[in-house]
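Undergrad: Just need the whole structure built from these sequences, with the hints factored in.
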Amino acid sequence: MFPLSRLLATIALTAVGAAATVEAWAADPDKVLRIEFYVAETGFDPVKVQDYYSQEVNEGIFDPLLTYDYLARPAKLVPRAAEAMPTIADEAKTYIFKVRKGIYFSDDPAFKGKRRELTAEDYAYSIKRFKDPANKSPYESFIDGITGLEQLKKQAEKTGKFNYDTKVSGVQALDRYTLQVKLKETDYNFAYIMALPNFGAVAREVIEAYPDDTNGHPIGTGPYRLKEWKRSNKIILEANPEFRGFTWHFEPGSDPLDKQIVAAMEGRKMPQIGRVEISVIEEQQAAWLAFQNNELDLLYLREQFAPVALPNNQLNPALVKQGVTLNRITDPDINYTYINTTDPAFGGFTKEKIALRRAIWMSFDNAEYIRVIRKGQAIEAQYPIPPNVLGHDPAYRSVAPYDPVLANKLLDYFGYKRGSDGYRTWPDGTPLVWRYSSTPSSRDREIDELWQKSTERIGIRIQVAKNKFPEELKQERACQLLSRTAAWIADYPDGDDFMQLFYGPNSHQNNSSCFQLAEWDRIYEKTRSMPDSPERNRLYRQLWRMVEVNGVTKMHDTRYRNMLVQPQVVGYKKHPILLAEWMYFDMDGSRRQP
Amino acid sequence: MTAYIIRRLWQMIPTLLGVILLVFILFNWIGGDPAYVLAGKISSAEQIENIRRQLGVDQPYYVQLWIFIKQVLTADFGASWSTNEAVSHIMATRLGPSLTVLIPLLILSTIIAIGLALGVAYVRGSLTDRMVMIVCTVGLSISILVYIIVFQYFFAYKLGWFPVQGWGDSFWQNLIVYASLPILIGLVVSIAPDLRLFRTFVLDEINQDYVRTARAKGLSENRIMWVHVLRNASIPIITHVMAQLPGLLIGAFLIERFFSIPGIGREVILAVERSDFPVIKAITVYVAVATMIFTLLADLMYKAVDPRVQLK
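Line by line, the protein sequences are chains P and X. So the first sequence is numbered by numbering that gives the first Met the number 0: it starts at 0 and just counts up by one. So the second sequence is numbered by numbering that gives the first Met the number 0: it starts at 0 and just counts up by one.
It is worth saying that the hints were derived from the structure and are not from the lab. Among the hints, a few may not be true.
Restricting the straight-line Cα-Cα distance to at most 25 Å, the calculated cross-link-like pairs of lysine to aspartate or glutamate (DMTMM-like) are [said to hold, decoys possible]:
no. : chain 1 : residue 1 : chain 2 : residue 2
1   : P       : K229      : X       : D208
2   : P       : K160      : X       : D57
3   : P       : K92       : P       : D174
4   : P       : K166      : P       : E149
5   : P       : K113      : P       : E90
6   : P       : K75       : P       : D186
7   : X       : K40       : P       : D490
8   : P       : K473      : X       : D168
9   : P       : K152      : X       : D57
10  : P       : K30       : X       : D168
11  : P       : K183      : P       : D212
12  : X       : K40       : P       : E184
13  : P       : K467      : P       : D211
14  : X       : K69       : P       : D212
These numbers were taken from a predicted model, which means no experiment stands behind them.
TA: Below you can see the structure in the form of structure tokens.
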């Protein structure tokens, strides 16, 4: 290569992580990736769906402005449809994105035979759609911080029609390729929102052409397009011939696998995979057998089959012999149990109430939980920010570890005496019963039993109430549910996404324990105006210590995501935030085992 | 006959109203408010209220009930709350796969069970009869889940005679390739109880005087069993088979889930998991209507099979 060209190529590649080529690149239609979803998708309108699987498909079809570097850990934002990372001004209240020129939507009759270029206006329109009451968007709250949109929504509620042509101060296309977003308050995390698959751009013509079935007409600018959809059964995607393509170039991290991936993939034109076939297989046995039959290229191994596939946490030798590899990450999630701090009996911040809650937490053995419930496929969580998320503190140790002896002493000290039946009473002598809520699922029944066993250790009677999940949410939002075991998975890899679970004003939303302390809220608000930094991490530690000391929540675990990979899959690495990595790896049919 | 049919159809109205009321009460009592799930992970009370308004669950109960009745009268149940897919489309596209499995299963199961029942009844009390009954009892004692897991593992995975799971595009491919193993499992599960039941029906007839008379007249045993006995035993058999027919509309939950068959059974489970009331309403009402119609058809068939039967 001519030295100057090489220099320019290197600069371009370095600038954006994965550099786009000018001409569209046709993937190989014979390279077929076969994967499974174990829960049926719901649809492909990015504004309307919230389930993991629909969003995975959407990530392949639509282009958000930003995305994540395939190999960087913790996850790192890089441009996708944007030319570069946004310009952040006005103390992170203004974000300016430059949309890359020459990106085209995949063909659709709504475009009347013309090529349709992606513009900044498409993003403005797509963002406004979240506030349209008719869309009932589950992601509406993610853009609550944008100025002017709330007024537009209020107007729509009055008139019954959302006027997309109304100029909004917070979302404006300054020119054909420049999008400006203005926020009410400083928010360093807004860029993460623009990397969510829900925030890929749709074309207004397409949405208006299929108003009753936007879920069934996903037309985007991403690497894949929907070829066939048998609802709740099969989804077939094919490479989008309009996709711009890019050359594979990512810097390896410290993981030794990264070097192998780089060696195999560096410089390849992407995407290589021409067709993605997704089967909805709800039963793990069927998926497991199909994978062993080499009918699936990747398998998300659920806990149920971990003892078979991963005895002693090592890949089964029979699978190793077949060339199967294990790609394991910790999911960016936490599982925890909370007690409602506004409950008249168990809530409040007096010493005896705090002691009671902490004793309950100390009676619970997380190691047993991980062994029984997770089949060993999780790590104990002591901190509310999981690994691979900014703000995670691996050195943090809980102030309420499993210690039933100490828990009993604590209860004795604060006057929770045992009655003749062996169960404790309140200090005033009335019966003490801890109400715990869970769904009727078999998993929850197992967790119930662990809690029953735990509270027996400290002589506290437990009453398990069975509710359907929507009913639990309803009671929780009203701050009327005393306690349940809940989970939270990252929307974006920043500690704020987890710390906001304890923010007072988020009670009646996702602050399940309805925890409210003025001091806590004050410090948290300070962290919100700070980018990731040692100072912010210090404040996070302080905040979490306050939550723990007050006995609000018991952290349980962060789950592993075990992906089994057939030998024909080349360059695969599960990303903690990205859902559809198909555009970053390749298939080699010659490596397929008979 | 016409008057009888009209009267029976007329009687269906209060029954259907009862079904509507029961479904409505059950859903509102234990179904949960779907708005809280549909609103997403982070949602305000206002957003939840907007969703409730659009779903119509903010209306007084009597208004919601009236809407439900109108939906039944117009056979238009609107769209799924979770996917926005028209309920009519769900029914139209999911019923085919369910019927592809269940109709052959019902036909084969009935024919085989009747044949075996006549055979073992004929040799009643013999070692063969006792052995068959023991096998049936053992077969009945095993959960369908065990059959599915074992058959899927051995016949599909180990021996490779069938695909482990999946569903294709053409009817014949689905029937021959994908539905074969589910039908086989269905047969193993259903033949044992059917055989025991039908054997009892046949035994009730085999000791009747007309059988002795037929033998005295010199008729062959085959003719006695297949014509005379079977005809008289067919009324309870028809009742049993007809009672199974509405089940075709709700599919076979476990078989469809384990073999990834996009049938109505899976859809029922999904709808319940998602508190998707329009889908639950539609399926419940269709099954109730089908049950009433098949019961009526069964009564009419009694008359066709046995002219002595009086329709009153």
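Undergrad: So which of those numbered hints doesn't the model satisfy?
TA: 1, 5, 8, 11 and 13
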